[in-house]
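Novice: Sequence:
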Amino acid sequence: MVLILRDIAAQPKEFRQLGVALLAGVLLFTAFNWIGLLIFNSGLRRYYCLEPAKVLCIGHSMSEMGIDRNLLEERLKVPVAKYCMNGAGTHDRLVMIKHYLEEVNTLPEVVVYDVSGRSFSEGLAANSYALFFPFMDESRAVDAYLRESASPAEYWQKKLMPLSRYDDTRLGAVIRGWRSDWKNRSLKKFSAEQFQHNLDAGEFWKISFDENNLRLFDETLAFLEAKGIRVVLAGLPCVDMLNRAEPEKYEQVMQIFRSAVRRYPNVCLLDLNPEFSNQYELFGDPIHLSIAGQKAVTERLAEFLDGMIGSRRKSEAKDSPGYLANHD
0 MVLILRDIAA
10 QPKEFRQLGV
20 ALLAGVLLFT
30 AFNWIGLLIF
40 NSGLRRYYCL
50 EPAKVLCIGH
60 SMSEMGIDRN
70 LLEERLKVPV
80 AKYCMNGAGT
90 HDRLVMIKHY
100 LEEVNTLPEV
110 VVYDVSGRSF
120 SEGLAANSYA
130 LFFPFMDESR
140 AVDAYLRESA
150 SPAEYWQKKL
160 MPLSRYDDTR
170 LGAVIRGWRS
180 DWKNRSLKKF
190 SAEQFQHNLD
200 AGEFWKISFD
210 ENNLRLFDET
220 LAFLEAKGIR
230 VVLAGLPCVD
240 MLNRAEPEKY
250 EQVMQIFRSA
260 VRRYPNVCLL
270 DLNPEFSNQY
280 ELFGDPIHLS
290 IAGQKAVTER
300 LAEFLDGMIG
310 SRRKSEAKDS
320 PGYLANHD
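Its first residue numbered 0, the sequence shown is counted upward by one per residue in numbering that gives the first Met the number 0.
Hints in this document: simulated from the structure, not taken from any laboratory.
Computed from a predicted model, the values in this text were never measured in an experiment.
Where a beta carbon is used, it is the ideal one built from N, C-alpha and C, also for glycine.
Watch out, some of these pointers could steer you wrong.
[Claimed, not checked] Heads up, simulated DSBU-like pairs for lysine-lysine below, C-alpha to C-alpha not over 35 Å straight-line: (1) Lys188 <-> Lys158; (2) Lys76 <-> Lys187; (3) Lys182 <-> Lys158; (4) Lys97 <-> Lys53; (5) Lys97 <-> Lys248.
[Stated by the list, open to error] Okay, the calculated beta carbon distance ranges per label pair: (6) Asp136 <-> Lys226: 22 to 28 Å; (7) Leu37 <-> Gly306: 40 to 46 Å; (8) Ala200 <-> Ala143: 20 to 26 Å; (9) Asp180 <-> Asn211: 33 to 39 Å; (10) Trp33 <-> Gly86: 25 to 31 Å.
Just need the whole structure built from these sequences, with the hints factored in.
Specialist: Pasting the structure below:
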């Protein structure tokens, strides 16, 4: 910077004025970008709940629209974090978990990981890595993922121009973070008649088994198992019409989840489809819950988690010196 100022001072007056103006413009642009990033990131961190919690919900839009973080926290009476990104696949979720643990530096007691018949399918956003750009300076896991996934030109553009890391979706999350708003606001209504036409035409999200998704799912469970974190594979409901569209493949997916429960002692499966998938009034579309659906499913999830957390509290109480047998 000193050398630049010296060079400007050595120039004729008109060039000095131009040089000073250009330098001032660069400094203002840089300051605007970094100050803006700090302001926006404060809201985004709040929306993604990057703070200590007993329960951490990880997922994509099914969890984003299906789990009411405030209601879940109210029912459980413990801190709840909800880190969900629209379009987040298996790789994204592993990065999200590592990012959360880096930022918070405190292990949650339970991770709620949403699953469905399409958990291993292709079809989620191909550039979902871009969701992480706002945090590229804050997390080793995020930065490594972006270096691996983005082109060098894209990576360095985001690195040097911080506000370019934000799009309309992320800005919406910033505003909701400032408002502490994790509720489903969608007014969409599921139409069984219209969806039947889509099924008849073969226009629906097909089940497939991407090897990379299968590997990363297993890697995620192994990572959490090694840290002693309990995992609830939460089968958030999709409409039964979609689940029945490819029954053999759907059962294969469910067998993968059951196999994971057998292999990992800290993993359990909560499939909410039998209870909710035929209640079409609870859906906004075939895979996303409506406002009423979010409330109903969150209440049911809270009941299940309360049993898990309550049993842990009772076990810890039994191990404490002051515990009396008649407390049971």
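Novice: Does the alpha-carbon distance linking Lys97 and Lys248 stay inside the 35 Å limit?
Specialist: holds, 31 Å
Novice: Holds or violated: Lys182 and Lys158, Cα atoms, limit 35 Å.
Specialist: Holds. Lys182 to Lys158 sits at ~32 Å (cutoff 35 Å).
Novice: Checking one constraint from the list: CA of Lys97 to CA of Lys53, max 35 Å. Satisfied?
Specialist: holds, 16 Å
Novice: Return holds or violated for the Cβ distance of Trp33 and Gly86 against the range 25 to 31 Å.
Specialist: holds, 27 Å
Novice: For the pair Asp136 and Lys226, does the Cβ-Cβ distance stay inside 22 to 28 Å?
Specialist: holds, 25 Å
Novice: Between Lys188 and Lys158, does the CA-CA distance stay at or below 35 Å?
Specialist: Violated: Lys188 and Lys158 sit about 41 Å apart, past 35 Å.
Novice: I want to verify a distance hint. Is the separation of the beta carbons of Leu37 and Gly306 within 40 to 46 Å?
Specialist: holds, 41 Å
Novice: Does Lys76 pair with Lys187 here, judged by a C-alpha cut-off of 35 Å?
Specialist: Satisfied, since the Cα-Cα distance of roughly 31 Å is no more than 35 Å.
Novice: Using the Cβ atoms, figure out if Asp180 sits within 33 to 39 Å of Asn211.
Specialist: holds, 34 Å
Novice: When you take the CB atoms of Ala200 and Ala143, is the distance between them in 20 to 26 Å?
Specialist: Because 42 Å falls outside the window, the suggested range is violated.
The structure is inconsistent with the numbered hints 1 and 8, although it conforms to all the rest.
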